[in-house]
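Chains as they are written, first to last, in our numbering: chain A, 1 to 410; chain B, 1 to 109.
No wet-lab data here; the hints were simulated from the structure. For glycine and all other residues, C-beta sits at the position ideal for the given N, C-alpha and C. Check the hints yourself; a few may be wrong.
Stated by the list, open to error - What follows is a list of derived Cβ distance ranges for each label pair:
1) B:G92 - A:E403: 53 to 61 Å
2) B:E23 - A:A100: 17 to 25 Å
3) A:D94 - B:A8: 40 to 48 Å
4) B:E21 - A:P265: 42 to 50 Å
5) A:E90 - B:R102: 51 to 59 Å
6) B:L70 - A:S300: 17 to 25 Å
7) A:A405 - B:R18: 44 to 52 Å
8) A:D256 - B:L70: 16 to 24 Å
9) A:R378 - B:P30: 50 to 58 Å
10) A:A405 - B:G92: 52 to 60 Å
11) A:S300 - B:R73: 42 to 50 Å
12) A:I306 - B:P15: 24 to 32 Å
Next come the chains, spelled out residue by residue.
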Amino acid sequence: MTGDARLDVDLAVVGAGPAGLAAATAGARLGLTTVVFDEGMQPGGRLPGQVHHGDGRRWHSGRDDAERLTAAAGEAGVGIVTGTTVWGLEPAWDLFLDGAADGPRFCGARVVVLATGATEVPAPLPGWTLPGVMTPGGLQTMVNVHGVVPGGRALVAGLGPLGLEVAQVLSATGVDVVGVHAAWSGALGALPTPGGSLHELAHTVGRAAPTWLARWGSAIARRRALSTLAARLAPCRIAGVELRLDEVALELRGGDRVESAVIAPISGDGTPRRDAAREVDVDVVCLGAGLQPLIELTGSTGCGLIDVLGLSGPVPLHGDRQQTTVPGLYVAGGATGVEGSAVCERQGTVAGLAAAAYLRTPGATASAVAVARDELERARRAAPVRFDRHVIEGRREMQRRWEGACPTTM
Amino acid sequence: MNQPIRLAEHPLLGPFERGPEVEFSFEGTPVTAHAGESLGAALLAAGIRTLRVSRRGEPRGLYCAIGQCLECRVVVEGAGMRRACLTPVEAGMVVRRHRDPRGSRAHDR
Ligand SMILES: Cc1cc2nc3c(=O)[nH]c(=O)nc-3n(C[C@H](O)[C@H](O)[C@H](O)COP(=O)(O)OP(=O)(O)OC[C@H]3O[C@@H](n4cnc5c(N)ncnc54)[C@H](O)[C@@H]3O)c2cc1C
Ligand code: FES
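Extracted from the complex, chain A is given alone in its bound form (with noise of 0.2 Å):
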């Protein structure tokens, strides 16, 4: 990047996710000159530190998927500018930047693609905030990119795919993982039954086939009663990883870092038993309680946001070629929804196609995107995990919404 102060391009994009640098690719391919910024040290978002289950027994990292598609970000032509944080954003259109001391501060552009990502809801447990607790992105980002393991005994608190996950990989690079459990969510109300907690698991984890979550999930999602299987399953050891659907986590304790859990069984009544508590020593603790959108830059651009059942939070109201309310301001990806990699991409490929057709630019026309949409639901349908259950609903729901609410407009 150049030293200049201000940077003017047709296309620029927030993020370098598998969904920003699809679009960013798309656009550029038809001749948009195109930015994209993140904030991380390296292009790729998220997907480094994801460990995918490829065909058969192979495992593939994130990191392949993010050389791939920074190559052919690269190829197109587009600028990508890593280390620089985009603080404002303002309709037609000014970027605000924080980077390089010698980088850009402003850029302009004419049409601008939103793909921030999804970020991690915070857990409180009494003690979140010690050193060594960590949430599965934290520890995701600690093993699969730099390859640090953060200690030798770790609880996992937080019952979704990531800490699956996370557990999975700890327990492979050796640390001793005493358990995955909810967390107590305190004020926020009671806990799921052993049974919902199993329920949950079942339609969101039970698809990453071929792993031993799916197989183990995909056998109980075809069952009817859970609470009874939960109650047999609850407390069952696979792959070195013990899953305690009866237990909860309620406190971390330690002094300059975290030194104990204190776990308790879940009463009849979703509440824990705190009389039956005990005290685990660990030196890591995974905790997350899910994925959100991260969407604080739309704030300033005026676009109308809906909360939609199955899309893991408020998002901007946007049609399917991933318009929202304000003329020129596109997204996809985890900012529209939590949903896998594969989808945010070919996401990304929809919005930047439209954002090109947004400039009438030669190329970028309605077949192209209608093929690019379908490819989308082609990777929806097939994705291996769901971070909502309800999120094929969830973006049918959207659709009809952005029907009613923008009728006319493409």
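Given chain A's structure and the hints, the job is docking chain B with the ligands onto it.
Then chain B with the ligands, alone, in the frame of chain A:
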């Protein structure tokens, strides 16, 4: 308790390729790291978990490791307050814990 370790090889993903070894300082103590890795990863690998001290004197460290929680704030000489998880290590960097400028009260939790 176990000290953090650096894996030569990931059990599922294969060997790690790391940059050349470089040295920087944290709170006046030399730390060996690999060029290009994040300050947060380098400090954790060196067994240093507390990256800042809150106003109430609480130790804080890496939490999300992807730039979102701001718990990993450190002070890099010449660059000011930085997120350790997003700042690449460079040889000769001088890094300190971030402390509340008003000073922190002793552990009063
Ligand atoms: C912690 C975490 C772990 C995940 N793990 C998995 C997994 O194991 N498997 C799976 O299939 N899915 C996983 N996901 C779901 C994930 O959302 C998708 O896989 C996918 O990476 C999302 O793609 P994206 O391009 O929308 O966003 P991301 O890949 O999240 O990329 C967004 C990028 O935008 C950048 N950014 C955000 N705001 C700004 C700003 N203001 N200025 C500059 N840059 C900004 C971020 O630095 C980031 O690089 C995970 C999500 C999270 C948050
Ligand atoms: S650890 Fe969360 S911002 Fe660095």
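Cross-check of the supplied hints:
| no. | hint | verdict |
| --- | --- | --- |
| 1 | B:G92 - A:E403: 53 to 61 Å | 59 Å, holds |
| 2 | B:E23 - A:A100: 17 to 25 Å | 23 Å, holds |
| 3 | A:D94 - B:A8: 40 to 48 Å | 47 Å, holds |
| 4 | B:E21 - A:P265: 42 to 50 Å | 49 Å, holds |
| 5 | A:E90 - B:R102: 51 to 59 Å | 34 Å, violated |
| 6 | B:L70 - A:S300: 17 to 25 Å | 20 Å, holds |
| 7 | A:A405 - B:R18: 44 to 52 Å | 51 Å, holds |
| 8 | A:D256 - B:L70: 16 to 24 Å | 20 Å, holds |
| 9 | A:R378 - B:P30: 50 to 58 Å | 53 Å, holds |
| 10 | A:A405 - B:G92: 52 to 60 Å | 55 Å, holds |
| 11 | A:S300 - B:R73: 42 to 50 Å | 25 Å, violated |
| 12 | A:I306 - B:P15: 24 to 32 Å | 46 Å, violated |
Hint compliance for this structure: hints 5, 11 and 12 are broken, all remaining hints hold.
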